[in-house]
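Participant: Residue strings, one per chain:
Protein chains: 2
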Amino acid sequence: MEIKKPTLYIIPNFIGSNDSLENISKYNLRIIDELNYFIVESEKKSRRFIKKILPTKNQDDLIFFQIKKNKNDINNEKYLKPLIKGQNMGLMSDSGNPVIADPGASIINTAHVLKINVKPLVGPSSILLALISSGMKGQRFTFNGYLPINSKERIKKLKLLEKKSKKNDETQIFIETPYRNNQLLDLTKKVLSQNTQLSIASCLNSKDEKIISLSIVEWKKEEINLNKKPTVFLIDAK
Amino acid sequence: MEIKKPTLYIIPNFIGSNDSLENISKYNLRIIDELNYFIVESEKKSRRFIKKILPTKNQDDLIFFQIKKNKNDINNEKYLKPLIKGQNMGLMSDSGNPVIADPGASIINTAHVLKINVKPLVGPSSILLALISSGMKGQRFTFNGYLPINSKERIKKLKLLEKKSKKNDETQIFIETPYRNNQLLDLTKKVLSQNTQLSIASCLNSKDEKIISLSIVEWKKEEINLNKKPTVFLIDAK
Chain Z
1 MEIKKPTLYI
11 IPNFIGSNDS
21 LENISKYNLR
31 IIDELNYFIV
41 ESEKKSRRFI
51 KKILPTKNQD
61 DLIFFQIKKN
71 KNDINNEKYL
81 KPLIKGQNMG
91 LMSDSGNPVI
101 ADPGASIINT
111 AHVLKINVKP
121 LVGPSSILLA
131 LISSGMKGQR
141 FTFNGYLPIN
151 SKERIKKLKL
161 LEKKSKKNDE
171 TQIFIETPYR
181 NNQLLDLTKK
191 VLSQNTQLSI
201 ASCLNSKDEK
211 IISLSIVEWK
221 KEEINLNKKP
231 TVFLIDAK
Chain Y
1 MEIKKPTLYI
11 IPNFIGSNDS
21 LENISKYNLR
31 IIDELNYFIV
41 ESEKKSRRFI
51 KKILPTKNQD
61 DLIFFQIKKN
71 KNDINNEKYL
81 KPLIKGQNMG
91 LMSDSGNPVI
101 ADPGASIINT
111 AHVLKINVKP
121 LVGPSSILLA
131 LISSGMKGQR
141 FTFNGYLPIN
151 SKERIKKLKL
161 LEKKSKKNDE
171 TQIFIETPYR
181 NNQLLDLTKK
191 VLSQNTQLSI
201 ASCLNSKDEK
211 IISLSIVEWK
221 KEEINLNKKP
231 TVFLIDAK
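Line by line, the protein sequences are chains Z and Y.
Numbered according to this note's numbering, the first sequence spans residues 1 to 238.
Numbered according to this note's numbering, the second sequence spans residues 1 to 238.
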């Protein structure tokens, strides 16, 4: 008889308002339907996601372990107790894939230390979708997360990313808190070289999805409002 | 009446031998079923993929434009002719997502220049699945593609990636031609620091899927054969 090791499934959530049952694979549905224990960014949003994709699944049976945002919380084993006792679990964040600009990594690391099976499920990542649709190279790329908030440091960072992109022939990817997107777009237009390519991927998997890839000189003629719209920025300097 | 702009869909292929109809979303199936024109890495593998997921789709109607591997081929507009004439197209590589360590980027770039709509579909990326299951941070990461083949340069590069990972708190990802995986694994064990974390994700979405994350000192006690098995390598230096 095959003895199945308890497994921690890494579960992608939806990323856009158009995401529906049609966007999720049968495999993911089947795995999520089999699980009762979840490690999540927030219980409320995870319950909503599960209700949307599996309306008949009994929500009363579900047990959620919310990831503490306190960075000093390194007692990860407590999240993994059901696994240690032999139950499968799912790890889920509020949007897209866990770990990518989201929490979860250190818990997965602890799972590896405890020799727990880790199994990632396929789903939407705005970073990856932005990259493949940008027209920029995917042989080498860096995801830089958020840029510094301080204005001087931010300008310095943008110039550094442009330099790195040119030197290493490497696409540079970054994000911003959505209500500051317009400011960041304006700054890139001001700070980067005319020939540098800037791509934005906004509201992916939503009706308002916009993927635009232009040189800075062309961007100066563009009018676009990115305020409060989840957006990924990419630059490719030549 | 809504006038729909011709769209270039970026279509992920399967990555593993266990990938089946169960792993693909209805949305992707529907879009692929609507398309007759495809830009592909190889016609044969693309036909096989479409046959597998849409066995009743008439293969005689399909027209394939194979991406030339010659790097001097910059006449991308010829691939996009059906789009220019108003037909939707799909861009597909032989495994996983186009662009990521695969061709396609410069054709997508030309599509942007021609103001053609670009729409990425969600699917498996071994690089992304490896990252989210590694237990390593996803706030900052670099995909470095292939390491240099020359032995001295390769050692230098591994040490540089370790240094960069430490300095920038950034996960470093790279790949190798599968028949040289064992050599590369041996080299990492020899060259990297004892405390550096090395993760491998091998044969993702196959029966032989293996995701292992250990420090170099622990790796020295491990025996694993990665020969000819598609594998993603990740390092996180502390």
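Among the hints, erroneous ones may be present.
Repeated chains share a single entry, so a pair holds when one copy, or any two copies, can fit it.
[What the hints assert, rightly or not] In silico DSBU-like cross-links for lysine-lysine, where the CA-CA straight-line distance does not exceed 30 Å:
#1 K68 / K238
#2 K228 / K52
#3 K78 / K228
#4 K85 / K152
#5 K152 / K51
#6 K163 / K5
#7 K85 / K164
#8 K229 / K85
#9 K156 / K207
#10 K166 / K68
#11 K157 / K69
#12 K207 / K163
#13 K119 / K26
#14 K119 / K164
Calculated from the structure, these hints are not laboratory results.
Participant: All the hints need checking, so say for each whether the structure fits it.
Facilitator: Structure-based check of each hint:
no.: 1; hint: K68 / K238; result: between (42 Å within a copy, 23 Å between copies)
no.: 2; hint: K228 / K52; result: within (24 Å within a copy, 41 Å between copies)
no.: 3; hint: K78 / K228; result: neither (35 Å within a copy, 38 Å between copies)
no.: 4; hint: K85 / K152; result: neither (51 Å within a copy, 48 Å between copies)
no.: 5; hint: K152 / K51; result: neither (45 Å within a copy, 55 Å between copies)
no.: 6; hint: K163 / K5; result: neither (47 Å within a copy, 36 Å between copies)
no.: 7; hint: K85 / K164; result: neither (47 Å within a copy, 39 Å between copies)
no.: 8; hint: K229 / K85; result: neither (42 Å within a copy, 32 Å between copies)
no.: 9; hint: K156 / K207; result: neither (35 Å within a copy, 47 Å between copies)
no.: 10; hint: K166 / K68; result: between (39 Å within a copy, 25 Å between copies)
no.: 11; hint: K157 / K69; result: within (26 Å within a copy, 35 Å between copies)
no.: 12; hint: K207 / K163; result: neither (35 Å within a copy, 43 Å between copies)
no.: 13; hint: K119 / K26; result: both (16 Å within a copy, 22 Å between copies)
no.: 14; hint: K119 / K164; result: between (34 Å within a copy, 28 Å between copies)
The earlier numbered hints that this structure contradicts are 3, 4, 5, 6, 7, 8, 9, 12.
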